[in-house]
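Colleague: Here is what each chain is made of, one letter per residue.
Number of protein chains: 2
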Amino acid sequence: MKDLGQRVLDGEQRAIAKMITLSENNSPEAAREMKVLHPASGRAQIIGITGVMGAGKSTLVSELAMEYRKMGKTVGIIAIDPTSPFTGGALLGDRIRMTKLTEDEGIFIRSMGTRGMLGGLTSAVYDVVEIMDAAGKDIIMVETVGVGQAEVDIIKIADTTVVVLVPGLGDSIQAIKAGIMEIADIYVVNKADRPGFDRIMAEIESLVDLTTEAGKRSIPIIPTVAKTGEGIAELRASVDEHLELLNGTNEFQANRRRRYEAELIEIIRKRLMNLIFDESIFKERIEGLIDQIEAKEKDPYSAAEEILSQVLK
Amino acid sequence: MKDLGQRVLDGEQRAIAKMITLSENNSPEAAREMKVLHPASGRAQIIGITGVMGAGKSTLVSELAMEYRKMGKTVGIIAIDPTSPFTGGALLGDRIRMTKLTEDEGIFIRSMGTRGMLGGLTSAVYDVVEIMDAAGKDIIMVETVGVGQAEVDIIKIADTTVVVLVPGLGDSIQAIKAGIMEIADIYVVNKADRPGFDRIMAEIESLVDLTTEAGKRSIPIIPTVAKTGEGIAELRASVDEHLELLNGTNEFQANRRRRYEAELIEIIRKRLMNLIFDESIFKERIEGLIDQIEAKEKDPYSAAEEILSQVLK
Numbered sequence: 247m248k249d250l251g252q253r254v255l256d257g258e259q260r261a262i263a264k265m266i267t268l269s270e271n272n273s274p275e276a277a278r279e280m281k282v283l284h285p286a287s288g289r290a291q292i293i294g295i296t297g298v299m300g301a302g303k304s305t306l307v308s309e310l311a312m313e314y315r316k317m318g319k320t321v322g323i324i325a326i327d328p329t330s331p332f333t334g335g336a337l338l339g340d341r342i343r344m345t346k347l348t349e350d351e352g353i354f355i356r357s358m359g360t361r362g363m364l365g366g367l368t369s370a371v372y373d374v375v376e377i378m379d380a381a382g383k384d385i386i387m388v389e390t391v392g393v394g395q396a397e398v399d400i401i402k403i404a405d406t407t408v409v410v411l412v413p414g415l416g417d418s419i420q421a422i423k424a425g426i427m428e429i430a431d432i433y434v435v436n437k438a439d440r441p442g443f444d445r446i447m448a449e450i451e452s453l454v455d456l457t458t459e460a461g462k463r464s465i466p467i468i469p470t471v472a473k474t475g476e477g478i479a480e481l482r483a484s485v486d487e488h489l490e491l492l493n494g495t496n497e498f499q500a501n502r503r504r505r506y507e508a509e510l511i512e513i514i515r516k517r518l519m520n521l522i523f524d525e526s527i528f529k530e531r532i533e534g535l536i537d538q539i540e541a542k543e544k545d546p547y548s549a550a551e552e553i554l555s556q557v558l559k
Numbered sequence: 247m248k249d250l251g252q253r254v255l256d257g258e259q260r261a262i263a264k265m266i267t268l269s270e271n272n273s274p275e276a277a278r279e280m281k282v283l284h285p286a287s288g289r290a291q292i293i294g295i296t297g298v299m300g301a302g303k304s305t306l307v308s309e310l311a312m313e314y315r316k317m318g319k320t321v322g323i324i325a326i327d328p329t330s331p332f333t334g335g336a337l338l339g340d341r342i343r344m345t346k347l348t349e350d351e352g353i354f355i356r357s358m359g360t361r362g363m364l365g366g367l368t369s370a371v372y373d374v375v376e377i378m379d380a381a382g383k384d385i386i387m388v389e390t391v392g393v394g395q396a397e398v399d400i401i402k403i404a405d406t407t408v409v410v411l412v413p414g415l416g417d418s419i420q421a422i423k424a425g426i427m428e429i430a431d432i433y434v435v436n437k438a439d440r441p442g443f444d445r446i447m448a449e450i451e452s453l454v455d456l457t458t459e460a461g462k463r464s465i466p467i468i469p470t471v472a473k474t475g476e477g478i479a480e481l482r483a484s485v486d487e488h489l490e491l492l493n494g495t496n497e498f499q500a501n502r503r504r505r506y507e508a509e510l511i512e513i514i515r516k517r518l519m520n521l522i523f524d525e526s527i528f529k530e531r532i533e534g535l536i537d538q539i540e541a542k543e544k545d546p547y548s549a550a551e552e553i554l555s556q557v558l559k
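Those protein sequence lines, which keep their order, are chains A and B.
Okay, so the first sequence: first residue is 247 according to my numbering, each after it adds one.
Okay, so the second sequence: first residue is 247 according to my numbering, each after it adds one.
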């Protein structure tokens, strides 16, 4: 049987799933196979979809995926669930709607929950993007709730970021407060058949007017009703138009570089933290230090220095 | 003039502010002074206030702070703004309402934005809690939007976590989805004078019924109208009742230990990341490695191993 990495390169769905699981578990095998994948990565178009909860992002992602499938493109979907770090369980309600996609061999969906303090959501997502990319997916969509720091960091690796808003009290204000407007390459006003549509359109239009520099691209605003598919073709066209723009200015390549940089930083961070907190030699030592910190015999900064002096050259 | 650490221990407001800024900037002086503070920390009662945006958390925090002030207690407030990591600026709209508090010497307020990838919001917040604690604040309130991974991690160091909900379409469902219900020690239904109050109360009551184990404490649900101060005294009583419960079971001390553990982990993480990404010797080297990764001459995992072999024993 072929090596796992090779099978991922061949685009085998089960190999992709296994590779992602290995990577999430920080397995040494994962690191070895990830090395095999790298040369094939960097080709996929990465689309970030973010917005407040209840904006209908999952449906929008499903519909957009199907739009790309119609064009013969393969799609990877990474759905970040803002689930509890306490149970580790993911609330899959939203995902169930995506099941109709899962029977299509050209689509690969991965739902990811938030992870523990040492693992880090961010690094896991970078690996999954790299895996799907190397497996030959043409389009990779990353869906997040754009409020937390980790979640916004993730969106930064996207080539095109779509910020999804919905009509209704305070939604647009909330998005601005959440700081997600500044990362938008495209605005979508989903649930455009709802009351309040005109008001939110007007709000975003004036925001775009205010923030567009003279002679520069102004951010498009696409109304959609994801449930019925309305506006999805326009959204797809707008995303691809933005991609062309990136290609014209070498921004696409610059994004690859930023992604590799973020990935490198995360791998180093993960390795260092695992070294110190997962190795049994340190675990006991750290327990002892926390005892001393609690008893006020030592302070956290001095304890950290002790540990570091043991691992660093 | 006295050393900064000593002035913080004396509770000097300006010294506290300066100490927090030094710590946010990762200054070596900060680490030195933090060591001075540690023996005086661990006494404050830490209250986490979390919930969706627009729930009126800032007003609630202000009112609760004034309630504690009436009892003669001093209060520190840490307000985490879910602002953009791209501008670094904080949208201070919500904070302005707190200004009436700032003339009171018994209250110290710090607003914190999200921070860059290497600094880390979490570690900065732990330091600020430790500083306010050592400065003798009796109560420390940490206000977050409880959706992101980093934000939920922060709330874990609280002795009592208050989850704030409001009447209105989908709010309660959203909170459940965000995984913040599982961390609640107390529920608050703020804006209790709004339509939909009965419905959300019924929803939370049945949730509490479902999740309370036989013979165990059931989570209290406090209706409030923070704007008018209604229900704030009841909330304060409920928080202190929960604290007594913690004291009776040694949970208060266990929380201190968890906090010190989280703090130690964060200091180590911060030091390691600064060592690798802020030291000029590595900066150039990392740029070169990213060039190679981009050119597919090297993969990120091998690059990480190269860097690590240079710093680790």
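Read the hints as simulated data drawn from the structure, not as lab findings.
Please note that the accuracy of each hint is not assured.
Note: identical chains are not told apart, hence a pair may lie in one copy or across any two.
Stated by the list, open to error - In silico DSS-like cross-links for lysine-lysine, where the CA-CA straight-line distance does not exceed 30 Å:
| # | residue 1 | residue 2 |
| --- | --- | --- |
| 1 | 529 | 559 |
| 2 | 281 | 559 |
| 3 | 248 | 264 |
| 4 | 264 | 559 |
| 5 | 319 | 473 |
| 6 | 462 | 402 |
| 7 | 281 | 316 |
Colleague: Among all the numbered hints in the text so far, which are the ones the structure does not match?
Modeller: 4 and 7
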